[in-house]
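Novice: Below, each chain spelled out in residue letters.
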Amino acid sequence: MNVTVNMTALMPLIILFAGISLTALMGTMKDSVKRLAGLVASISVVFAFWWVMERILPAIGTAAMESQSGMLTYSYYSVFLSGIVLITAVAAFALSEHYLLEEDFSHPEFYAILLASITGMMVMLNTSNFVNIFIGLELLSIPLYASVAYLRYKPESVEGGLKYFILGAIASGFLAYGIAMIYGASGSLDFITIVKTVKTDSLFRLGLLFILMGLAFKAAAVPFHMWAPDAYEGAATPVTAFMSIAPKAVAIGVLIRILYSVFPQMVDYWREAVLVLSILTVIVGNFAAIVQQSVKRMLAYSSISHAGYLLMGIVAYSVEGVSGILFYLAGYMLINTGAFGVLSLLKIGDDDFVSYDDIRGIGYRYPLLGIFMSVFMFSLAGIPATVGFMGKFYVFKALIHANYMSLALVGIGGSLVSVYYYLRVVVHMYMKENPEERKFNLNFLSMTVLAICSVLVIAAGLFPAKIADIANVAARFMN
Amino acid sequence: MEALVSFFSNYMLYILMGVTILTAVGVVYSKNAVHSVVALLLTMILVAGIYLMLDAEFIAAVQLLVYAGGIIVLFVFMLLLVALHKDEALRLFNTYTLISLGLVAFLVIMLAVVFFGTPFGPAPATVTNIVKGGSTEAVAGTLYSAYILPFEIASILLLVAMVGAIVLTKERGKS
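Sequence lines, in order, name chains A and B.
Going left to right, the first sequence walks through residues 447 to 925 as our numbering numbers them.
Going left to right, the second sequence walks through residues 15 to 189 as our numbering numbers them.
It is possible that part of the hints are untrue.
Computed list of lysine to any residue pairs in SDA-like fashion (alpha-carbon distance at most 20 Å, straight line) [stated by the list, open to error]: (1) Lys476(A) <-> Thr183(B); (2) Lys476(A) <-> Arg186(B); (3) Lys184(B) <-> Ala831(A); (4) Lys184(B) <-> Leu482(A); (5) Lys184(B) <-> Glu602(A); (6) Lys600(A) <-> Leu93(B); (7) Lys480(A) <-> Arg186(B); (8) Lys600(A) <-> Thr183(B); (9) Lys912(A) <-> Ala831(A); (10) Lys184(B) <-> Leu471(A); (11) Lys600(A) <-> Thr156(B); (12) Lys480(A) <-> Leu182(B); (13) Lys184(B) <-> Val604(A); (14) Lys609(A) <-> Leu182(B); (15) Lys184(B) <-> Leu468(A); (16) Lys480(A) <-> Ile180(B); (17) Lys600(A) <-> Glu185(B); (18) Lys878(A) <-> Asp804(A); (19) Lys609(A) <-> Ala179(B); (20) Lys184(B) <-> Tyr599(A); (21) Lys184(B) <-> Arg598(A); (22) Lys184(B) <-> Asp550(A); (23) Lys184(B) <-> Ser467(A); (24) Lys184(B) <-> Lys912(A); (25) Lys184(B) <-> Asp804(A); (26) Lys480(A) <-> Thr34(B); (27) Lys184(B) <-> Gln739(A).
Where chain B lies over chain A, by a calculated footprint (3+ residues, C-beta under 8 Å) [what the hints assert, rightly or not]: (28) 462–470; (29) 550–557; (30) 575–581; (31) 645–655.
Derived by calculation from the structure, the hints in this document are not laboratory data.
The beta carbon of each residue, even a glycine, is placed where N, CA and C say it ideally should be.
Turn these sequences into a full structure, and let the hints steer you where they fit.
Specialist: Written out as structure tokens, the structure is:
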């Protein structure tokens, strides 16, 4: 059997792997070298990003760029999502730099495992073969378990990591089981062959259900969300920022690709399952977020509810819905990086000050931080003139066009509820007195990331056309 | 004699499966941890036997090497290191016996309903074709040509799992 290897397509993975090896090796070197690990990791991600955008993107037309008979497949759709993952990664690295120094627990291997997780995401997104989906998911998850438990001297961190590990392992099992059933029914792991198979066998339905469960776990959709709040709370805040965006984007993106382009004949079957999942996710996520006492945990539940809005977009089953989801994810990346970025700065030594009580009066004492956080909170709540509003607008519009008026109403109701707990943060920052004065170290690099995010949140909210156009093209060319 | 041969060729698989279940139950129910490990070892070897009966000699060999050879040794090491004694008062049964029995019964019934209600079609031709010429050769041929990329990514995965394990043992304040 001949295999044609397209080096251009393989290059992003090679670059990322070079980054992994370098950062892992730096752990054995002297301290002055170790300090550069974050820089090296960021450079390798930026280089991979540049390669994808400059070398791979021009080579994609209406047909995807392929290597090794579909093992690697770059389409506009997958490149868009890869871009989101890589940008999130750079932002998370920039935020970690300060956080880990403050924690006094900075090791180059931290960057190596996060880079590995990013490699897994790239593998999972840019493929049209189920084997790569599975192995990419493993490469995505296993380093993430370790990075959640990274602060191993903190009980919450270990607890979160262990929960994530055990439940995540079960989810991987579900996915593998589902893939095995699809293979048993169709005799192939390749998307293109599976699309052509006539799907009368019941094994297809069972397999699709298992795949849906496995990916819903990673996207933290209710009722598969149990791990999420603990893992998000226990992890170092920059890792939480990364975890709340990238794996979710990948899980939702891969789910859309599998459902839309591999199982379009079974739309009536999976539509109902996703519908139920999305309604549950929006309701549980929003109502559980209300009662939280910690802003970090509240944001964890809020990210669950956002997974619900994204799942709603899947139900629409239209190009409009997908482009809405892609726009939503791009906006969500900016907002969540910012919101968790602000929290990552509220740190003195080992202690995070991220409960509602701790952020009282922050808005006066640190005006810039207060403004940033308010922008992100308004945007998460979906207040107009921010990117969060536009994202929800596109998704709900697609739902209404697809005659899912009641589902759109559930979504709108959910975001109305969410206004309460997002604005509660702003109220605490500006309208409450804090008896304790704390001196936070506002790191320049982190503040730059936050400034960029908040400017883009407003800019993309006022002028969404450009991103919406790109998302539209990406949604159109999925294969 | 002929009857015996035909009996074994027809029912050996089921006998193996039954004994496997027995040893697997033994893993859970023996009070001595060493007995558990020995039962686990037997289970692994018997599972390899099942693979052999199903003409998957490569998986059978891997099963013997990796599980029976490697993982069981790790288990024994761990047992020796943590020194579990058999007379230690281990609480083997929790208080949810009735509830869990009910749930298990429910699960078994549901699975049976799904299993017997599903009209499984015949296996596609491609699956049986792979086995021609010995499964080891077929696995190697496919693994190192069509599936070379996932194979390499699996190697990254193994490397990263090691790095991750090292990260979790890093000492504090000595960066």
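Novice: Are the hints correct? Go through all of them and say.
Specialist: Status of the hints after comparison with the structure:
1. Lys476(A) <-> Thr183(B): Within the cut-off at roughly 19 Å; holds.
2. Lys476(A) <-> Arg186(B): Holds. Lysine 476(A) to arginine 186(B) sits at ~16 Å (cutoff 20 Å).
3. Lys184(B) <-> Ala831(A): This hinted pair is violated, its Cα atoms lying about 46 Å apart.
4. Lys184(B) <-> Leu482(A): holds, 18 Å
5. Lys184(B) <-> Glu602(A): holds, 18 Å
6. Lys600(A) <-> Leu93(B): With a Cα-Cα distance of about 27 Å, the restraint between lysine 600(A) and leucine 93(B) is violated, given a limit of 20 Å.
7. Lys480(A) <-> Arg186(B): holds, 15 Å
8. Lys600(A) <-> Thr183(B): holds, 13 Å
9. Lys912(A) <-> Ala831(A): Holds - the C-alpha atoms of alanine 831(A) and lysine 912(A) are around 15 Å apart, at most 20 Å.
10. Lys184(B) <-> Leu471(A): holds, 15 Å
11. Lys600(A) <-> Thr156(B): violated, 45 Å
12. Lys480(A) <-> Leu182(B): Since the Cα atoms of lysine 480(A) and leucine 182(B) sit roughly 17 Å apart, the hinted pair holds (cutoff 20 Å).
13. Lys184(B) <-> Val604(A): Holds - the C-alpha atoms of valine 604(A) and lysine 184(B) are around 14 Å apart, at most 20 Å.
14. Lys609(A) <-> Leu182(B): holds, 16 Å
15. Lys184(B) <-> Leu468(A): Holds, because 18 Å separates the two Cα atoms, which is no more than 20 Å.
16. Lys480(A) <-> Ile180(B): At roughly 16 Å apart (the allowed maximum being 20 Å), isoleucine 180(B) and lysine 480(A) satisfy the hint.
17. Lys600(A) <-> Glu185(B): OK: lysine 600(A) and glutamate 185(B) at ~13 Å, within 20 Å.
18. Lys878(A) <-> Asp804(A): Judged against 20 Å, a Cα distance of about 10 Å means the pair holds.
19. Lys609(A) <-> Ala179(B): holds, 17 Å
20. Lys184(B) <-> Tyr599(A): This hinted pair holds, its Cα atoms lying about 10 Å apart.
21. Lys184(B) <-> Arg598(A): Holds, at roughly 9 Å.
22. Lys184(B) <-> Asp550(A): Distance of about 12 Å is within 20 Å: holds.
23. Lys184(B) <-> Ser467(A): Roughly 18 Å separates the two Cα atoms, so the pair holds.
24. Lys184(B) <-> Lys912(A): Measuring from Cα to Cα gives roughly 46 Å; hence the hint is violated.
25. Lys184(B) <-> Asp804(A): Distance of about 30 Å is beyond 20 Å: violated.
26. Lys480(A) <-> Thr34(B): Roughly 51 Å separates the two Cα atoms, so the pair is violated.
27. Lys184(B) <-> Gln739(A): violated, 32 Å
28. 462–470: holds (count 3)
29. 550–557: This one holds; 6 residues, not fewer than the three required, reach chain B with a Cβ under 8 Å.
30. 575–581: Answer holds; 4 residues pass the 8 Å Cβ test.
31. 645–655: holds (count 5)
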